[in-house]
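Student: Here's the letter readout for the chains.
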Amino acid sequence: MNKTIAIQTRNLTKKYGNLTVVDDVSFSVAEGELFSVLGLNGAGKTTIIKMLSCLIEPTGGDAIVLGNSILKNPYKIKQDINVSPQETAIAPNLSVYENIEMIAGIYDFGKTEIAEKTEAIIKRLKLEEVKNKKAKKLSGGMQRRLSIAMALITEPKVIFLDEPTLGLDVLARRELWSIIKAMKGKTTIILTTHYMEESEALSDRVAVIIKGKVNMIGAVDELLQKTKTNKLEDAFVALNEDKQ
Amino acid sequence: MKYLYFASRNRKEIIRDPLALIFSILMPIAFILFFSVIAKNAPIEMFKPISIVPGLTIFGLSFITMFLGSLIAKDKSTSFLSRLFVSPLKPKDFIFGYILPMIPIAFLIALCCTLAGIAVGVPFSINILFVFLSYIPYIFLASVTGVLFGIIFNESQIVGFGNLFVIGGALLGGMWMDITALGGTFKAIAVSLPFYHAVKASRLALSGETAGIWEHIGVVGIYVLVLFVLAVIFFDRKLKSDNK
Chain A
0 MNKTIAIQTR NLTKKYGNLT VVDDVSFSVA EGELFSVLGL NGAGKTTIIK
50 MLSCLIEPTG GDAIVLGNSI LKNPYKIKQD INVSPQETAI APNLSVYENI
100 EMIAGIYDFG KTEIAEKTEA IIKRLKLEEV KNKKAKKLSG GMQRRLSIAM
150 ALITEPKVIF LDEPTLGLDV LARRELWSII KAMKGKTTII LTTHYMEESE
200 ALSDRVAVII KGKVNMIGAV DELLQKTKTN KLEDAFVALN EDKQ
Chain B
0 MKYLYFASRN RKEIIRDPLA LIFSILMPIA FILFFSVIAK NAPIEMFKPI
50 SIVPGLTIFG LSFITMFLGS LIAKDKSTSF LSRLFVSPLK PKDFIFGYIL
100 PMIPIAFLIA LCCTLAGIAV GVPFSINILF VFLSYIPYIF LASVTGVLFG
150 IIFNESQIVG FGNLFVIGGA LLGGMWMDIT ALGGTFKAIA VSLPFYHAVK
200 ASRLALSGET AGIWEHIGVV GIYVLVLFVL AVIFFDRKLK SDNK
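Top line first, the protein sequences correspond to chains A and B. The numbers in numbering that gives the first Met the number 0 rise by one with no breaks, and the one at position 229 of the first sequence is 228. The numbers in numbering that gives the first Met the number 0 rise by one with no breaks, and the one at position 85 of the second sequence is 84.
Excised from the complex, chain B in its bound form (with noise of 0.2 Å):
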């Protein structure tokens, strides 16, 4: 269980520099209170709190993309990850040991932005909870994600690939728009990415129609399953790479 040492280390470097943090929990919960104005005054289906909040949920757990590959980055260019290249830690043991804390910390993300969604009108109910196992796939998708882009990308790099997702992943997934608005080409790649479908899977849940969650979640599953493996065959390089 070494990792647990080096995920309480990941952990406390996170929380001890809180600004990023507090940023990906505000956000959403601005956009969401924006977006409930809207909703008020224009009856926009997509608007309203079931609808939004959690796609404004997803958008604030893939800030955890670029937590984690600005840690990773940064540990590269402090040599940090050089001389625990050195320890007997294996690939899969850094793996697991950034992503770990994530958990806690996507948790507390979601936790906020239901909390403003219960404010602008979420129905408090059973499948509040469904829809917080709705987000676990996502979780390890968007943690995976953050752990490839740092082994793979420097600090510099990290903000605009990061970006990219978090952005990126927020228009193709539909957060805060229908996806059909953008047009075939659109939205065929859409649906072949993993956002879309963790904001269908959540956006179900939370209305209560469990039953057809599974194929969106199991596409989250496939895309979490096939970066893991990257993950570990990055890493495995990195750490057998004269580049350190």
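So here's chain A without its partners, still in its complex pose (with noise of 0.2 Å):
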């Protein structure tokens, strides 16, 4: 079955000076796929995201993400996506609902549609509890699970989770896959993450970056085949290691 393609790079580079962060990536996303781009820390995964996100632009090639270059439409990219960036991002002095009321604003959504978005969101992320707490006040899973109910209240076609559970407990870690599981297939997500057995419990396929470059894509099974390793951690250090 042919799946409709929500994000294409076409040899994505990205330089600084004599330094490739981003190293001529090309691949491709289906709609409602969860893609996790994992490497070592430098490896160019944030870059690579900040480029996709239309946040900075490549030095090199291209990616066309829901049918539009990240180079010459921008905004209208930016209408259909939405991001969990690695720190938090939240503003500290509004509540929980005045920071989700506040993005669907910002995506002009109308005043009775941002009521009934915000409620539904606050539910489904299960933040009842504390929706009239100030965001400065809230645990750090909770203010991680606050961060992707600001990502998903535009009911975006691509989301980008650059690392969502750093620093949470396992707890909070498993609340938060169980959100992102149920995201699978109506969204796409493209994932970050330094935690291997997560990206192995959610991912459809993996890309794992190395120095800049796609080193090797697909699913994890494939992966583990290729590498002939029992587990994502192990596969992954395999061919960091081949590279040294």
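Don't read these hints as lab results, they were simulated from the structure. Treat each hint with caution, since some may be false.
Reference listing, derived: stretches of chain B covered by chain A, where coverage requires no fewer than 3 residues with Cβ under 8 Å from a Cβ of chain A [claimed, not checked]:
#1 10 to 18
#2 86 to 97
Selected chain A positions facing chain B (Cβ under 7 Å, derived; list incomplete) [stated by the list, open to error]:
#3 Lys77
#4 Glu86
#5 Asn92
Here are a few chain B residues that sit away from chain A, every Cβ distance over 10 Å (derived from the structure) [claimed, not checked]:
#6 Phe5
#7 Met26
#8 Leu32
#9 Phe33
#10 Phe79
#11 Pro103
#12 Gly159
#13 Leu226
Glycine residues also receive a C-beta, built at the ideal position from the N, C-alpha and C atoms.
Each of the two chains sits in its own frame; use the hints to bring them together as a complex.
Tutor: Next comes the structure, spelled out in structure tokens:
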């Protein structure tokens, strides 16, 4: 069955002076797919996400996101994507409700729609008990959950989750996994993470980035077969050790 | 009108962390009371309420630059601005969204200073309405400068440059002193900057000499236009910058 392509990168490259951070990266992501971008610190994962979410421009190549070029039509793309950044990036003095409501307003939903959607997302992400609490007074786990709610409220066709469970305890992480799993199929998700078990549990496909280049792409099973390992973490280590 | 939701967030952030706001109201009021006591004991023309109150109100309004600069610098450091850079907001939406909530805050500062002025002897007349109108260009000047500072400087740099704007503006604007006492070069510098003209316009308005205020308002207006264009350019550069 042919799936519609949500993201297609074409020789995407980012250089800072003589340093090439992302090097000629080409891959495609199908609609509704959860695609993990894995790599060591400095491998270029966040730079790829920043380019795809139109935060920074590539030095070379292009990417087509939902049919639009990141170079030519960034504002068209921005209407249909959202991001949960590495840092929680919330308004500290606003309540949970106000944070979510503000993002919905920025994306131009009508007043009634904003109220309905905000209530719905609060319920979906189990934020009811803290909905009137200031964001700065939430626990780390709740702040992460709020950050994802702020990304989901706009009903993006593509969502970028940049290390969404960083610093969370096991329970909070598992809770976020179930939220992410529930999004699969309906929303295209690009995930970066340092937790291999997280990627293994959630991803449809994985791209391993080493020194800015795509080293291997495929479903977790395919990566395990190719590297003759039993766990994604072992496969990831093997691929990186090969390139050191 | 997506920037209205963003503006609402900025208003709440400033009002819910009110120490700086209280300071910006209490400080000029304390100075008004202080100078009115001096004026009673020593008949110095500059310290009379009709002269000192407009100057010190402009001084209080200068703190808007600090509020906005600090808020934007904080939004940059917490990645909150990066999250919004992924949204469909354009540079002008960001600038209006930051400036708009400053207008009622500025009028609150002006109102408190005027009430203190009336208490120490400023005559209650139609001229008070004119002096309020004469503050408007400076309110925009202080706001646009705050946006520019916030986008260029980081949180600790804002403290230095914000203080330079407030104190430098007070001295070169002749808010509580006669700038002719500064001598030729300093006077020439003072006259070329907007602070002197903002103070002069408000003093003339309070004295009922409204015909003379336009040239001074014109100078402040030109500064507002130039700084607004610069703010749009810098915001646009930040939106496209690799360093967010």
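Student: Does each hint hold? Answer for all of them.
Tutor: Outcome of the hint check:
For the stretch 10 to 18 of chain B, the stated coverage by chain A is satisfied: 4 residues place a CB nearer than 8 Å to a CB of that chain, which reaches the threshold of 3. Look at the stretch 86 to 97 of chain B against chain A: 4 of its residues bring a Cβ nearer than 8 Å to a Cβ of that chain, three or more, so the hint holds. With 7 Å as the threshold, the beta carbon of Lys77 (chain A) comes within range of chain B, its nearest partner Cβ sitting at about 5 Å, so the hint holds. Below 7 Å, beta-carbon pairs count as interface contacts, and Glu86 (chain A) has one with chain B at about 4 Å; its hint therefore holds.
With 7 Å as the threshold, the beta carbon of Asn92 (chain A) comes within range of chain B, its nearest partner Cβ sitting at about 4 Å, so the hint holds. Not every CB of chain A is more than 10 Å from the CB of Phe5 (chain B) (nearest about 6 Å), against its label as outside the interface. Distance check on Met26 (chain B): its Cβ is at least 23 Å (rounded) from any Cβ of chain A, clearing the 10 Å threshold; non-interface status holds. At roughly 31 Å, the least C-beta separation between Leu32 (chain B) and chain A is larger than 10 Å, which holds for a residue marked as non-interface.
The beta carbon of Phe33 (chain B) sits about 33 Å from the closest Cβ of chain A, which is more than 10 Å, so the claim that it is off the interface holds. The claim that Phe79 (chain B) is not at the interface with chain A is violated, since a C-beta of that chain comes within 10 Å of its own (minimum 5 Å). Non-interface call for Pro103 (chain B) relative to chain A: holds, since the shortest CB-CB distance, roughly 17 Å, exceeds 10 Å. Every CB of chain A is more than 10 Å from the CB of Gly159 (chain B) (nearest about 24 Å), matching its label as outside the interface.
A cut-off of 10 Å between C-beta atoms confirms that Leu226 (chain B) is not in contact with chain A; the least separation is 25 Å.
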